[in-house]
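Now for the letters of each chain:
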Amino acid sequence: MKPAPFDYLRAGNLDEALAALAEYGSEARIIAGGQSLLPMLNMRLAKPLVLVDIMSMAGLDQVRREGEMIVVPAGVRQAALLRRPGLASEQPLLAAALPWLGHYQTRARGTVCGSAAHADPSAEIPLCLVALDGEIRLRSRRKRRVLKAAEFFSGMMVTEKADDELIEAVAFPAARPGAGYAFAEVARRHGDFAIVGCAVMVEAGQIHLAVAGVADKPERRSWPRLDGSALDDALNAFAWELDAREDLHASARLRRDLVRTLGRSTIEEAGRCLA
Amino acid sequence: MPRLSAAIRHRIGFKLNGKPVSVEAEPRLLATDALRHGLGATGTHVGCEHGVCGACTILIDGAPARACLTLAVQLEGREVTTVEGLAPAPDRLSVLQAAFRRHHALQCGFCTAGILISLEAFLREQPKPSEQELREVVGGHLCRCTGYTPIIAAALEAAALLRRQPQVLAAESIDV
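In order, the protein sequences belong to chains A and B.
Its first residue numbered 0, the first sequence is counted upward by one per residue in numbering that gives the first Met the number 0.
Its first residue numbered 0, the second sequence is counted upward by one per residue in numbering that gives the first Met the number 0.
Simulated from the structure, these hints should not be mistaken for lab results.
Be aware that a few hints might be false.
[Said to hold, decoys possible] Between beta-carbon pairs, the in silico distance windows are: (1) Asn-12(A) - Glu-83(B): 58 to 64 Å; (2) His-36(B) - Asp-256(A): 46 to 52 Å; (3) Glu-130(B) - Asp-242(A): 50 to 56 Å; (4) Asp-162(A) - His-36(B): 54 to 60 Å; (5) Cys-144(B) - Glu-150(A): 46 to 52 Å; (6) Arg-101(B) - Pro-223(A): 57 to 63 Å; (7) Gly-154(A) - Arg-101(B): 51 to 57 Å; (8) Ala-87(A) - Glu-130(B): 21 to 27 Å.
[Stated by the list, open to error] When the alpha-carbon atoms are kept at most 30 Å apart in a straight line, the in silico DSS-like pairs for lysine-lysine are as follows: (9) Lys-127(B) - Lys-1(A); (10) Lys-18(B) - Lys-1(A); (11) Lys-1(A) - Lys-142(A); (12) Lys-160(A) - Lys-142(A).
Computed from a predicted structure; not experimentally measured.
Each residue gets a CB set at the ideal place from its N, CA and C atoms; glycine is no exception.
Working from the sequences, and respecting the hints, build out all of it.
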């Protein structure tokens, strides 16, 4: 399993990377941490002619706050976000979800934006972005644009990113006072792809539940603060709407059942965490 | 912007276990193959070649990385540590390696190089690891011989020894 041949460009700044994307379009791929792209290259599921490495450029590796948004630029590795001081109070959902993102060894290399770009339907970063109504900040030589996570992820490993665009940063809303957050996941083993992942935000009389691993992209639903059988009914309807996938790891029926049970316990946990 | 053509090999320079080395690499050459075939550093093993088994784990600038998910060209200018760099001398083992030996934390040894590297990095970050934390770190590796229990025992003992005497990092001898 070796990659097909490609030219390798080491971009010294964003303009160089954008110029390469403008020139080569769909024949070029950005490489950052490479933890999703290299398996695709090794298995030859991706055969780009040009690889543009953005990890040598300065200024992309610092997480910053812009008002209520936690902005994570393209060079930030997953381990660096997890190590951010105060993350558990700044955004508890991220602090709870990131330890489930791959393994210690892959988090040390993989980037947050790279995981968003890869758009695996069971991945934690897309799930958290959708759950929190976060943003994806795209840039090409033509323009900059910002998409809401729910608009950006359009299918199984498919996004609205154009061929000449790269993800400059993703932005997660910080925790709001009076909101509760919780995350839970079922996988064959810690660090494997989620069979079902649930991310919940409860605030101002509303429940927001996002689910990964069931449909072809993370999906979010919002309800008023239901409980008892009304919540069970809402979760059951959501589970059926997701048109669950079936694969080697789990049946569609198990996935629907996890939406109902894991969804409910995660909602209850978020409710208990209300500030 | 530096552009390395697919058609030819390029000289890539980096530090391997403290010594400057260079290797000829096409852009698509994996770091595993550069280390093993280009430099003869065969301590880094290759299992699955898609990042799942962990056998090829190395340190790049002190942080763990799957060498099979790293291109040789990405090593340019970096400091790389492989299992060959852990022992302080040819006839001595590191504290962690010696603990592996005492606890029978390896049998066939195929996965061992990667696990040693991961634990080496983690024990530096977290000198007082819990068993649960160690289980999560070792969870990034596949071992089909040991059942993992002796690996966790060895790591816990090595952590305790290193806490007591950090300077003994280099002080364990092998009886040969």
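Taking the beta carbons of Glu-130(B) and Asp-242(A), is their distance inside 50 to 56 Å? About 41 Å separates the Cβ atoms of Glu-130(B) and Asp-242(A), which means 50 to 56 Å is violated.
Straight-line Cα separation of Lys-127(B) and Lys-1(A) no greater than 30 Å? Outside the cut-off at roughly 39 Å; violated.
When you check the alpha-carbon spacing of Lys-18(B) and Lys-1(A), does it fall within 30 Å? Holds, at about 28 Å.
Status of the given 54 to 60 Å range, CB of His-36(B) versus CB of Asp-162(A): violated (35 Å)
Satisfaction of the hinted span 58 to 64 Å by the C-beta atoms belonging to Asn-12(A) and Glu-83(B): Between Asn-12(A) and Glu-83(B), where Cβ atoms are some 36 Å apart, the hint is violated.
Keeping to a limit of 30 Å between CA atoms, is the pair of Lys-1(A) and Lys-142(A) held or broken? Judged against 30 Å, a Cα distance of about 36 Å means the pair is violated.
Does the Cβ distance between Ala-87(A) and Glu-130(B) fall inside 21 to 27 Å? For Glu-130(B) against Ala-87(A), whose Cβ atoms are near 22 Å apart, the range 21 to 27 Å holds.
May I ask you to test the hint 46 to 52 Å on the CB atoms belonging to Cys-144(B) and Glu-150(A)? Cβ of Cys-144(B) to Cβ of Glu-150(A): about 49 Å, so the range 46 to 52 Å holds.
Would you mind confirming whether the straight-line C-alpha gap from Lys-160(A) to Lys-142(A) stays at or under 30 Å? holds (12 Å)
Just to be sure I understand the hint, the distance between the Cβ atoms of Arg-101(B) and Pro-223(A) should be within 57 to 63 Å; is that true here? Hint holds: Cβ distance 60 Å, inside 57 to 63 Å.
Given the hint of 46 to 52 Å, is the C-beta distance from His-36(B) to Asp-256(A) inside that range or not? holds (49 Å)
State, for the Cβ atoms of Gly-154(A) and Arg-101(B), whether the hinted interval 51 to 57 Å holds or is violated. holds (52 Å)
Taken one by one, the earlier hints fail for this structure at numbers 1, 3, 4, 9 and 11, listed in ascending order.
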